[in-house]
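Protein chains in written order, with our numbering: chain E, 5 to 212; chain A, 5 to 212; chain W, 5 to 212; chain V, 5 to 212.
It should be emphasised that the hints constitute simulated quantities derived from the structure, not laboratory data.
From a predicted model like this one, the values you see are computed outputs, not experimental measurements.
Treat each hint with caution, since some may be false.
Since the list can't tell identical chains apart, any single copy or any two copies may satisfy a pair.
Unchecked claim - Once the Cα atoms are required to be at most 27 Å apart in a straight line, the calculated DSS-like pairs of lysine-lysine come out as: (1) K127 to K42; (2) K43 to K128; (3) K179 to K202; (4) K128 to K42; (5) K53 to K42; (6) K166 to K202; (7) K127 to K141; (8) K42 to K52; (9) K128 to K53; (10) K43 to K127; (11) K43 to K53; (12) K202 to K141.
If you want the building blocks of each chain, they are given just below.
Protein chains: 4
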Amino acid sequence: MDPINTLTEIFRHFPGIGPRQAKRFVYYLLNQNPDSLKKLTEQILALKKNIRQCADCFRYFNNSYASPNNLCRICQDSSRDESSLMLVERDIDLEAVEKAGSYRGYYFVLGGNIPILDKEPRKKIRENDLLKLIGQKGSRLQELIIATSANAEGDNTADYLKSLLAEPAQKYHFKISLLGRGLSTGSELEYADPETIKNALNNRHSQN
Amino acid sequence: MDPINTLTEIFRHFPGIGPRQAKRFVYYLLNQNPDSLKKLTEQILALKKNIRQCADCFRYFNNSYASPNNLCRICQDSSRDESSLMLVERDIDLEAVEKAGSYRGYYFVLGGNIPILDKEPRKKIRENDLLKLIGQKGSRLQELIIATSANAEGDNTADYLKSLLAEPAQKYHFKISLLGRGLSTGSELEYADPETIKNALNNRHSQN
Amino acid sequence: MDPINTLTEIFRHFPGIGPRQAKRFVYYLLNQNPDSLKKLTEQILALKKNIRQCADCFRYFNNSYASPNNLCRICQDSSRDESSLMLVERDIDLEAVEKAGSYRGYYFVLGGNIPILDKEPRKKIRENDLLKLIGQKGSRLQELIIATSANAEGDNTADYLKSLLAEPAQKYHFKISLLGRGLSTGSELEYADPETIKNALNNRHSQN
Amino acid sequence: MDPINTLTEIFRHFPGIGPRQAKRFVYYLLNQNPDSLKKLTEQILALKKNIRQCADCFRYFNNSYASPNNLCRICQDSSRDESSLMLVERDIDLEAVEKAGSYRGYYFVLGGNIPILDKEPRKKIRENDLLKLIGQKGSRLQELIIATSANAEGDNTADYLKSLLAEPAQKYHFKISLLGRGLSTGSELEYADPETIKNALNNRHSQN
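The following block holds chain E by itself, in its conformation from the complex (with noise of 0.2 Å):
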């Protein structure tokens, strides 16, 4: 096959691009000199070697703060709050969490999530990495947080953590907790949806 086409379709596999836009990033490379080519390939076989992955919560982090033991920075940071654990999907939600600036408890990244009826949740996850940790820290957890997205998905997800979880949290005394739910900044209630409106009757809270 044409090149044009291998490439345009590898590009359509990035996530939330199309034909046209995947064929328009091509022409953008032909019209790109050699060596912006070649910083580019460069810097995509650089992630594999100069990215690895924390030891400990598994996100994507530069070689380069790499401690010894192959901490990133925030899992190698003993400032931060070591009886918090925070469990998120993808490397990009933890991020978010961190810019959000009030959490100082340290993460674990499952790596995705799980749908409704899958098969193999198992395979969805980072599940034995996740019990390994906690075989690690368990004994200073006070509450891990179960932070995944409020959809479908991320419900079912942490529908399969709590029961995978409630023995280790038993045995090494930690609460298990989810992010709140109700109306998120700028939402009227005029448009809210049931369940929201609910969530945010269940969660409301005193002022006095």
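Let chain E serve as the given structure and place chains A, W and V on it in line with the hints.
Below, chains A, W and V alone, put in the same frame as chain E:
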């Protein structure tokens, strides 16, 4: 002025309607038969005749459901929970909460919200009517829920109401609560704003 | 039925209005003072009283501009070019052409268009009124421009009109023309559909 | 800099890609296996090796289709109409015209367009290559079609080309034409801009 333009101008003030659609409304009406137009105008005038405002909650409702003391169907329903009063901005918010189906207390419709730095907040909401209702029902009230929108105006209105109602709350011993903030149904962490993430964290709830 | 619901139902039939916005219209009206509502209903009823249809082109216009013979301002303007007649679907199309400012002939408003496979095309447009007008003005007519929309219904209407008017065109020696098809302002070749590209090619024009 | 950030920065310059999606691309790649990444980089590097520019029309095409004299499949197809040459801005425009299927002449890809008031128009398009091609093919040319976009840059480019090519057109006796402007497929008169209505009127065509 030409009735086409006059009417276009009136329709332009309808919520969400621009000049082009306002004009389309007029041409739509021009193509209706006289009977349809008569029915439309009759129904518009019937609004003020057949619709009244509930003496307690101030929402609009059909005359024919009115109790002798001018109460709407909700306010005359003695099976509801009189220990709880929810303040909403508009009738349509009340309808959204009723549709969600989990609230069993009474309502009060504020009639609007208070923009930030507004010079005359008392004119934006039914302040006197609210204070009067609390004067009547306060002794049985245990919780007052401020259910304004999760935006700047809604928050400002909530702040105003909290200080307005601080004294009645103390006198009648009811608590003031706000709707829970957090992830709304369907939202993903990656796309959530920092404010929503903070709220979701603060409002997390234990599962075991 | 409740006037709120009755009126919501009526507004739902306004062009481009869904059930939610229809209800917002009703609440908007409920919050208007009686004088505003009276003005609105008066203006709606004034439409039929003060607006009439031009005896020639059938567009709606203000009574006060009417000539003794019931012609609108355009049709009574003898400085316009009587050799040209443009057929448009609706009043609002006529306004768009007038606003573009380059057409100086007369108009006829068809009152709608003919959907494909429609069983009674004669009921969809003002066929008899058009034939009568051509009977009166045909001898001075040199060109009849069919200015229907560039979509399936518009094309179908144009086809119907071409065969309807073939005989009068021969009798009165006027030509029938269609609006030019091609790239509309702002369009890029990359995103143009094949039909538009074909038209743009067929209608290309020499520059030297 | 971190390869995640470096690569995010590179992807940000891809057409239509913002910082958030650029980052998602990087995480997408991080989750690919080494073989997929290798294939991607190989295909990117293959572009420059296996794709060349046609010596006549300057579009990119696959090596394997190249004639000995470096012509693309269209330019080496002697069954096409050599009396007609179409100038397009980019490769993707050429593809759109080919897909429309009604043009049988040859092409020349300008490589871009000329913004209004641009100081160095000659650097924006392949001016010398175009003049050279016309020098070779001019004697058989009867029509040169300027098929730039129907926007400000496209019009400006067309104006520049018309004056640039005025002399060759006289010398070789070919006419210069522009794509037809008017209603594009699907457009309704009501929503058409004045410019498009004027063009549609000017380019109207007789049906009898």
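Structure-based check of each hint:
no.	hint	verdict
1	K127 to K42	between (35 Å within a copy, 25 Å between copies)
2	K43 to K128	between (33 Å within a copy, 25 Å between copies)
3	K179 to K202	both (24 Å within a copy, 20 Å between copies)
4	K128 to K42	between (34 Å within a copy, 24 Å between copies)
5	K53 to K42	both (16 Å within a copy, 12 Å between copies)
6	K166 to K202	both (22 Å within a copy, 22 Å between copies)
7	K127 to K141	within (23 Å within a copy, 58 Å between copies)
8	K42 to K52	both (16 Å within a copy, 11 Å between copies)
9	K128 to K53	within (25 Å within a copy, 39 Å between copies)
10	K43 to K127	between (35 Å within a copy, 25 Å between copies)
11	K43 to K53	both (15 Å within a copy, 16 Å between copies)
12	K202 to K141	between (36 Å within a copy, 25 Å between copies)
Hint compliance for this structure: no hint is broken.
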